[in-house]
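Produce the entire structure from the sequences given, and follow the hints as far as they go.
Here's the letter readout for the chains.
Protein chains: 2
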Amino acid sequence: MRTNLKENETQIRNLVEDWAKAVRNADIDAILAHHADNIVMYDVPKPFQSVGIDEYRKTWDLFFKYTRPGVFDFHELHIVADENVAFCFATMKCADKSNSEDFVELDFRLTIGLKKIDGEWTIIHEHHSVPGE
Amino acid sequence: MRTNLKENETQIRNLVEDWAKAVRNADIDAILAHHADNIVMYDVPKPFQSVGIDEYRKTWDLFFKYTRPGVFDFHELHIVADENVAFCFATMKCADKSNSEDFVELDFRLTIGLKKIDGEWTIIHEHHSVPGE
Numbered sequence: 001m002r003t004n005l006k007e008n009e010t011q012i013r014n015l016v017e018d019w020a021k022a023v024r025n026a027d028i029d030a031i032l033a034h035h036a037d038n039i040v041m042y043d044v045p046k047p048f049q050s051v052g053i054d055e056y057r058k059t060w061d062l063f064f065k066y067t068r069p070g071v072f073d074f075h076e077l078h079i080v081a082d083e084n085v086a087f088c089f090a091t092m093k094c095a096d097k098s099n100s101e102d103f104v105e106l107d108f109r110l111t112i113g114l115k116k117i118d119g120e121w122t123i124i125h126e127h128h129s130v131p132g133e
Numbered sequence: 134m135r136t137n138l139k140e141n142e143t144q145i146r147n148l149v150e151d152w153a154k155a156v157r158n159a160d161i162d163a164i165l166a167h168h169a170d171n172i173v174m175y176d177v178p179k180p181f182q183s184v185g186i187d188e189y190r191k192t193w194d195l196f197f198k199y200t201r202p203g204v205f206d207f208h209e210l211h212i213v214a215d216e217n218v219a220f221c222f223a224t225m226k227c228a229d230k231s232n233s234e235d236f237v238e239l240d241f242r243l244t245i246g247l248k249k250i251d252g253e254w255t256i257i258h259e260h261h262s263v264p265g266e
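Listed in order, the protein sequences are those of chains E and Y.
Heads up, the first sequence is in our numbering, so the first residue is 1 and it goes up one at a time.
Heads up, the second sequence is in our numbering, so the first residue is 134 and it goes up one at a time.
Derived by calculation from the structure, the hints in this document are not laboratory data.
Just so you know, not all the hints are guaranteed correct.
Stated by the list, open to error - Below, computed lysine-lysine pairings styled on DSS-like, alpha-carbon distance capped at 25 Å:
{"#": "1", "chain 1": "Y", "residue 1": "Lys248", "chain 2": "E", "residue 2": "Lys115"}
{"#": "2", "chain 1": "Y", "residue 1": "Lys179", "chain 2": "E", "residue 2": "Lys46"}
{"#": "3", "chain 1": "E", "residue 1": "Lys116", "chain 2": "Y", "residue 2": "Lys248"}
{"#": "4", "chain 1": "E", "residue 1": "Lys115", "chain 2": "Y", "residue 2": "Lys139"}
{"#": "5", "chain 1": "Y", "residue 1": "Lys139", "chain 2": "E", "residue 2": "Lys116"}
{"#": "6", "chain 1": "Y", "residue 1": "Lys249", "chain 2": "E", "residue 2": "Lys116"}
{"#": "7", "chain 1": "E", "residue 1": "Lys93", "chain 2": "Y", "residue 2": "Lys179"}
{"#": "8", "chain 1": "Y", "residue 1": "Lys249", "chain 2": "E", "residue 2": "Lys46"}
{"#": "9", "chain 1": "E", "residue 1": "Lys6", "chain 2": "Y", "residue 2": "Lys248"}
{"#": "10", "chain 1": "E", "residue 1": "Lys115", "chain 2": "Y", "residue 2": "Lys249"}
{"#": "11", "chain 1": "Y", "residue 1": "Lys154", "chain 2": "Y", "residue 2": "Lys198"}
{"#": "12", "chain 1": "E", "residue 1": "Lys6", "chain 2": "Y", "residue 2": "Lys226"}
As structure tokens, this is what we get:
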């Protein structure tokens, strides 16, 4: 039986919002909870790409070394879902609240690619960036 | 009848390779041939986002103002396709051959989101970026 596509969209919205919440909580295990072993990540800072779940985890180790985000929020989130493949794109705001004297805000762009694996939506690609000048 | 998923992948590969060829040829009409009116583009330089086909076209006007790429090639292209939704991600190389004395190379990351509309694969999202420091 085909899952209702609206239900897929809801499942993905919940997954992605839980992921963003995990970032706000600096909870790395929760951040990685729905990622494929072979995820390919294009991140805001270098490296040029991170391939596989171990390299993906390292991008968050680097992130939390410099940032304690109290804010990691969607301005707008678009979800396009089929039965077994989906993608999202979003503009987002990140803000470091580790030091209220030095409150850094960063707007960035996010694209996520997902595949349903063994009945569960799984992130197999992420692309985070800020534009250059 | 469900299209064979391999056939979808082949259609998308051809579409994306034709798009890259159109960039090499600086042929803006061919670049825009398979894009949705409401495409959302996150580009390498500012603006932060470009919404709609007219703003998408402007990103290429800006690009060709500064660049005549003889090279706009895939290092590797990954395609994940379902029946009606698909995405691709790729590492790419762009090189400006307009002046052989001043040959500029740029590696960048690309993610594309597609939807089948009226039986034709259509690009509804692009995300191009280079990492920061």
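Which numbered hints fail: When the structure is compared with the hints, numbers 8 and 12 turn out to be violated.
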